[in-house]
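Start from chain A and add chains B and C according to the hints.
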Amino acid sequence: MDLGTAFAAGLQLDFANLPQQLVNGILLGSIYALIALGYTMVYGVLRLINFAHGEVFMLGAYMALFVSWWLGYSPTATSLGQSSWVNLLMMLVASMVVCAIIGMLIELFAYRPMRSQPRIASLITAIGVSLMLQYAGALFLPNSPPQPIREEVNPYRNEVLQIPLKPRDAEFLEKIKSEEAEFNAAEAAVKTQMEVEGVKSEFDLSPEGRLLRETRNKERTDVTTMKSEYERSGVSLLIPYGQLIMFVTALALMLILRHIVMNTKPGRAMRAVSLDFDSASLMGINVNRIVTLTFAIGSALAGAGAMMSATFLGLSLTTFFGVQPGVKAFVAAVLGGIGNIPGAVLGGLLMGVAETLVVWSGYGDYKDAIAFVILIAVLLFRPGGLLGSSKVEKV
Amino acid sequence: MKYWPTRVVSILAGFGVCFLISALADASGNDYTKRLVVLAGVWVILSVSLNLINGITGQFSIGHAAFWQVGAYSAGIISVQHYANSGITGLPWLLLMMVAGALFAALAGLVVGLPSLRLRGDYLAIVTLGFGEIIRIIVQNQKPLGEAYGMNVSPKFQFTWLVWLTAFAAIAICRNLLKSAHGLPFLAVREDEVAASAMGVNVTRVKVTAFLIGSALAGVAGALFAHYEGFISPQQFRMEQSFIILTMVVLGGTGSITGSVLAAVALFYLPEKLRDMGPVTGGQLLAGAFATVLAVYLVKRVIDHFHGAKKEAAIRHLGIVLGCMALSFVLSIVLNQVPVLANARYEAEKLRMVIFSGVLIILMLVRPQGLLGHAEFSWEWLKRVLGQRRSEAAQTS
Amino acid sequence: MKRRSFLFIALGAVFGAGILAGCSGGGGSSESGGASGTTASGDTIKIGLVASLNGDQRPWGVDSERGVRLLVDQINEAGGVNGKKIELLIGDSNSDPQIGKSATEKLISDGAVVVLGEVASGITAQMAIACTEKAIPLVAIGATRDDISDKGPDIFRVCYRDSFQGPVMAKFAFEELGLKRVALMTDKKIPYSTGLSNSFRDYYTMLGGEIVDEQFYEGGSSTQFNAQLTNLKGKNPDGVFLSGYFTEVGPIVRQASQVGLTNVKFMGGDGWDSKEIINSGGEAIVGGYFCNHYSDQEDRPEVKAFLDAFVKKYNERPGTTMGALAYDAAGVAVEAIKAVTGDVSSKAVAAALHNLENYKGVSGDITFKGQGGNPPKRALVVELQADGTQKPVKAYAPTDVK
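Protein chains in written order, with the working numbering: chain A, 25 to 419; chain B, 99 to 495; chain C, 304 to 705.
One chain only, chain A, in its complex shape (with noise of 0.2 angstroms):
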């Protein structure tokens, strides 16, 4: 569709699914937040962006995928059972703890050196450490075809949280039960059909037996708009378990983050380095240490969020798989005000929302555009982000 288009066939707004777009708004914006708080920690510290925070998003999904396969939920594996929670947790606590080692590995042997160099010297090492672990990491790590953890693996995966807002019509239920009577019925004609004609496939039937397909395809239409319209007699919001626990494990993370920050004496001496680098150094703060404190509690966030969104959401990995969340959450964070905490979460959720709304709209086509025109047109009105300050550095 291009532009014209687009614009000519006006926006397609169903008000009934708002409610529920804005919901799913807030669960990919817990995600995009819990990402973005790694950036945003490290600049508040260092005053860099950590290009190759996505790369650990992605080595977290790998580990979380490495620790499914050694639960014994491997491609190849048959007859799984249900899984428990406790596998989760692992995977959860695995992915985090091998993050915040790679996270604090990188800052040792590629930031530190280039600490008293030029900022833009940083960068760049950056984004070298970044396609190093991309292109590297495709020759060592399982990408061919790209893999993705097994659903069974996620204990969860059938149920969905619903919550009514307008009650649904009782009457069509009775119209559901007598259309499923007739479509049963028309089943089991093509099934005597196919034994009769003696074949195993439904699309090697006679033309007799076709004729009764028909009426069958035709009876299981007429169930599924019955059932869909009976859903959308009331109106509810539906939430995975899957999502609702990434949303309730990205805000507990986030709550913890922040009573580390606020009230822990590392989290104090983080927030003094983050003020001023050097006066904290000469107050007594290990500052070495706090960076790689720093480090490591970022990366162990994009670790989380890197084992929810493979386990919960299906995704394939490939070494690929950090960079565009990477890009997301760096725009999700600087939206909120880069280096502030409370910034992050605010900009990855707003982003979320967004990106959903547009969808919502029908401009699907152009949902990947919409974080960065917000982003703009938000730092047109407050150079420094939505709760970032702006002031401008004296000589």
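What the hints contain is simulated information worked out from the structure, not anything from laboratory work.
Hints are supplied without guarantee of correctness; some may be wrong.
[Claimed, not checked] Derived PhoX-like pairs: lysine-lysine, alpha-carbon spacing no greater than 25 angstroms straight-line: (1) C:538 <-> A:242; (2) A:190 <-> A:251; (3) A:251 <-> C:568.
[Unchecked claim] To give a feel for the contact side, a few chain A residues facing chain B, derived at Cβ under 10 angstroms: (4) 138; (5) 156; (6) 159; (7) 403.
Since this is a predicted model, take the numbers as computed values, not measurements.
No residue lacks a Cβ here, since even glycine has one placed at the ideal position from N, Cα and C.
Positioned in the frame of chain A, the structure of chains B and C alone reads:
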């Protein structure tokens, strides 16, 4: 040596180099070589033009591929729709298209430049990055531009010399700007925006001018690229390309035009030349990687902690390098005794991007100010070097 | 100044040396010999392959490399072609049309008589331009885009075209599945997906069906598809046609069941073919239909032999359908070289390709004679089973959809 003679010599030398490159490429009779020469020229234009924005004016732009794309697509679509009924053929049309590409890209530069005036540093960076993505997505959704598949551009023009002549012109524009009174404000803005504005520099104008010229040059590169390739697609202008252009600028030495040119050529050729490397076993890969890391670590230590004579430092570097070479050789033989490592084979084609990113990291670690720092090529420098040689020769004889 | 330059020479040297030392050090131990070594001599016939060995198209690139290498090794083990060994030259396109073209030019300048390659239509288009300029025949592996063949006279492909695959699925959906209201989901970033969606839409509406909605996403940058799926659900479709690659189709279908989009049939094109789709799509994708080149359940000898040989060499089944197509692309190229009498030149190979008839490929019979490089191939609609196998359901000949 006075102003005009130097100038004339410089221009003639530039022309000479352009046509020499072109002649050499043609003489090779190999399309692959020729193509690389042309594309290297395109990358030189891109890198030099970003250097103006990023290196000279200090505006952190990481979406340069967007201007390249605007130039390529605008020139491409005009060519496709109007070439047949324009009545202009050959070189004049291409020159016209270069102007068109420059205009549209400059317009895009204005669109980014103006709102970004209030932004600095990383905020500007993310806006330019975002702008690049917006352009790519808009192009990707346009039917006349071929959506994600791409667009045929006809007619094709394949003038090697023109690409390099344009590159030369881009270099000349930047160099003259830098050396003239108009250029000093650019440097002032880079060094300190607040101080510059206190000294009466019109910061706004400087930034917008830098964006305008830089993006226009990238647009010219786009027009040349589109007409050389005959086919353009959004895939070619993705975000990583912007990063690579940025890397060329930083690697060459931020602000150094000579550095940008050299780094562009080097970084463009590196992955292509790596194609000729033979396959490597797991043991060799491991040994090479280990020795390289060790060498970088030791060299870095010498740079940081050794403050003796330059000659001695050089000897140390040489020692480290040779030692690590020997180590990697021995280690690779040892490691290849492990069957798993000896049997794992990695073709060069799969390793080239890994080595590319490795070189990037290593160069940044051992030489963060870039290959040339702020240094530039100049006739004085050449004279000095030649003079030194001559005096050394005189001494030894 | 001097120290600096010296340092640089030194560093360059260590880096090169790391690699060189590696290469030379292993010279003794690597007598197994890589196919990509440069053993330039007159006794070999060189064929080139351009594949995305790096970048986001890598899964398909690696598969095409494996497929081609398998066939070349088989031919060489059997004594080569007319007494000459086939030498495989590989070029990496880095998933980028511009670099793909450079790689093609390099392979041609290294002496390849025929170039195989690329899965993505955008890269293939560039390769086709390069090959046409040098009058080298090109055998595309998975480029289904219709207008690739317009780039030159000697552009061949072993796959079917979008203008066939889309209508096949449209016909199947309309006539066999009885779906009257279908929604589309298109990956805007992949030309393959937009092309396939369009051809599906055109034929389906021509048959009298209704396209109720089309939702878009961008491959690689979308993680949650709730928004699109909620929209689709509001339109109440009977079926959803997902024209993208399995990497996104799996998550979409898995998430569809979670947002309550049940009771719909999921359909797609050959981008679905992968052993991993069943793992990423989960239970919800079982019973999905897609159009494929072959099915692993078919009992044609070519399929069995290919799968056996592939598993024997690489210890796993091909990751995507490109393994088989690449095998076929190399197959037709070698077949053409076999047919050349006398000196093997690219011109003779191109002529032989134009004369190729009834090559028994894994993906079906391939005939180029009188077809201008686009072989009329059958398409097989398969149904995904719970164990990940593909049950062939209905085969369509090119004449079935007009």
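Results of checking the hints against the structure:
Between residue 538 of chain C and residue 242 of chain A, the direct Cα distance comes to roughly 18 angstroms. Compliance with the 25 angstroms bound is thereby established for this hinted pair. A hinted pair counts as satisfied when its Cα atoms are at most 25 angstroms apart, and residue 190 of chain A with residue 251 of chain A qualifies at roughly 16 angstroms. For the proposed pair residue 251 of chain A and residue 568 of chain C, the alpha carbon gap of about 15 angstroms is at most 25 angstroms, so the pair holds. Using the Cβ-Cβ criterion of 10 angstroms, the hint placing residue 138 of chain A at the interface with chain B is satisfied: the shortest such distance is roughly 6 angstroms.
The restraint placing residue 156 of chain A at the interface with chain B holds, with a minimum CB-CB distance near 4 angstroms, inside the 10 angstroms limit. Interface hint at residue 159 of chain A: satisfied, since its Cβ lies 4 angstroms from the closest Cβ of chain B, which is below the 10 angstroms cut-off. For residue 403 of chain A, the suggested interface contact is upheld, since its CB lies about 6 angstroms from the closest CB of chain B, less than 10 angstroms.
The structure fails none of the hints (numbered hints given earlier).
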